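K.L.:
Residue-level listing of the chains:
Protein chains: 2
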Amino acid sequence: MNENRKITMKDVAREAGVSLGTVSKVINNIPVQQEYQLRVDAAVEKLGYHVNRYAKALRMNKSSFVQVILPNLHNPFFAKLADCICRALAARSYEMLLMLTESDYDREQAYIYLSEEQMVSGIICLTYNPDLVIPSGIPAVSIDRNLGPDITCVSSDNYAGGEMAAKKLIENGCRHLAFIRIGSSLPNETDKRKDGFVRACTDAGIPFHCECLNDSASFSEIESFLSAHIQHGKLDYDGIFCATDLLAYQVLAFLTENRIRVPKDVQIIGYDGVRHFGDQKLVCSTIVQPVEEMARVSVNLILSDSSQRIPYSIQLPVQFASGGTTLF
Amino acid sequence: MNENRKITMKDVAREAGVSLGTVSKVINNIPVQQEYQLRVDAAVEKLGYHVNRYAKALRMNKSSFVQVILPNLHNPFFAKLADCICRALAARSYEMLLMLTESDYDREQAYIYLSEEQMVSGIICLTYNPDLVIPSGIPAVSIDRNLGPDITCVSSDNYAGGEMAAKKLIENGCRHLAFIRIGSSLPNETDKRKDGFVRACTDAGIPFHCECLNDSASFSEIESFLSAHIQHGKLDYDGIFCATDLLAYQVLAFLTENRIRVPKDVQIIGYDGVRHFGDQKLVCSTIVQPVEEMARVSVNLILSDSSQRIPYSIQLPVQFASGGTTLF
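Protein chains in written order, with numbering that gives the first Met the number 0: chain A, 0 to 327; chain B, 0 to 327.
Because the hints were derived from the structure by calculation, they are not lab data. Hints are not guaranteed to be accurate.
Treat identical chains as interchangeable: a pair holds within one or across any two.
[To be verified] Taking lysine-lysine and the DSS-like style, the derived pairs with C-alpha atoms no more than 30 Å apart in a straight line are:
#1 Lys233 - Lys45
#2 Lys233 - Lys280
#3 Lys24 - Lys280
#4 Lys233 - Lys9
#5 Lys9 - Lys193
#6 Lys45 - Lys166
#7 Lys263 - Lys24
#8 Lys193 - Lys233
#9 Lys280 - Lys9
#10 Lys166 - Lys24
#11 Lys166 - Lys9
#12 Lys263 - Lys193
#13 Lys9 - Lys45
These figures come from a predicted structure and were not determined experimentally.
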């Protein structure tokens, strides 16, 4: 318990009456005669010997740390993702080095460069940086954006989610749909939410409008759009699919303020599956991302034997959940 | 950029045409003649030399990592705290090793023991484990619970917060107050929320009731308590102070379901300052914890020169914010 008491493998060898090589084998889980195993175990226990992870990392050229790069933790979707990744890593005796960037490109790149010094065993990142360079020797997984052929992109099935949202609204009686998004203009996986939505509306012959703003836009621009479509206290659209739950939450607040009844007059579906306080009520009716599975799959990928061929893209199934902003 | 290209200090020395000692001095910010400094800098740049943090950690007997131990990240208060700690560490070029425990005592202790192997520069933890042992050589800060005289406890001013909540409710016209809490029965800083509340009610001569349940209790027990105090559609209490915003959110939902109007008939104040999606509307009227400052103070404490005497307890000021569940 005292950091000054430096117990080394040599001390363990002396105490156990075995060679240094035997101690090394036991510590690295290489089989030795049972008698030696027991003697080393007893000596480790008696002396309170800790494996020096740094010496081990230097020897192995990698540590038990995995770098996780996210924009922030105040957005509940990112918090849930970090929570699940941290648990998935812990289940495999790895630890999470968390880096928050607020999507600042320079900071993202600086952290990625740090990964070499940190000798991390892998990188899991969520970034919209178009020029991000990831060192080729480090296994990496990107959430929601394709970073190139060497890095697996893990995401929810955004296309199916968009389709599902449109179909649900149509099934619930909506006849004039709108899709609303504020997001990066870089090509990314979440674009498919719109593509699936458009496909389902087109197939059903239902008129629709897509209002897509760049991520520099503020919600007041969405308010202007909605205001321009309110006539005699009625919104021109009776069903809205929002690209995130945050947007759905903001649209709901705006419509309620403007005395437009949700879900009676307008039904809203978000995307993500955010719950109040993490595990309370859903914020809105929503397409739920399988965050726990996305985390587990990402962790398994970066820790898998690198000689295995890994897929370029993994899309995990979503489901609709009613959270009060749709009739059903 | 390639992990296989092992550039060492020796390579840098050869390239710069200086001794190994000079390179070491430059890397450790020890002054050398400007000419040597420039030659080493140029060689470092040319060869793409990275300081090997693990070798450095072994030499210094500590790393640039700080262990942060929290119950989870799905609770938005913990997510905010982790977010702020991570940024405060990054501002000082330290990184956060995050460990989540769901308040499991064994896991908390196991992670603390890991801190020695990880050679962390400090520990910031939020735990209610009564028997937690923290290695004496590692600077540690505990959030919200006193772990003993060697470990500074950083918290919001819980007592002042409790007083503030009661005073605000009384000022807003409430005449029958209740305090509701589900929490650890271990003595801890958050007990003072109740103490301050009781003091303010007593001073004002306002009748009050405290309903405090152990953390094994579920919200249905609070529902039973509230139900037993609803007569002819009216609650016996016209002002409720909840020990957390989560509880306030749950009480609000229960009263609304039971057609009791908030804030008209009953006013509710929570504690924490949780906002929807981290930065949107407050969940309820609340006593806001200065989370950013708590994080910054905690980080500064563990990274401060350990020869300085550190205070046993630091309590940071709170403030009331109206979030729709009080009249004012």
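K.L.:
Would you list, in rising numerical order, the hints stated earlier that this structure does not obey?
P.N.:
1, 3, 4, 5, 6, 7, 9, 10 and 11
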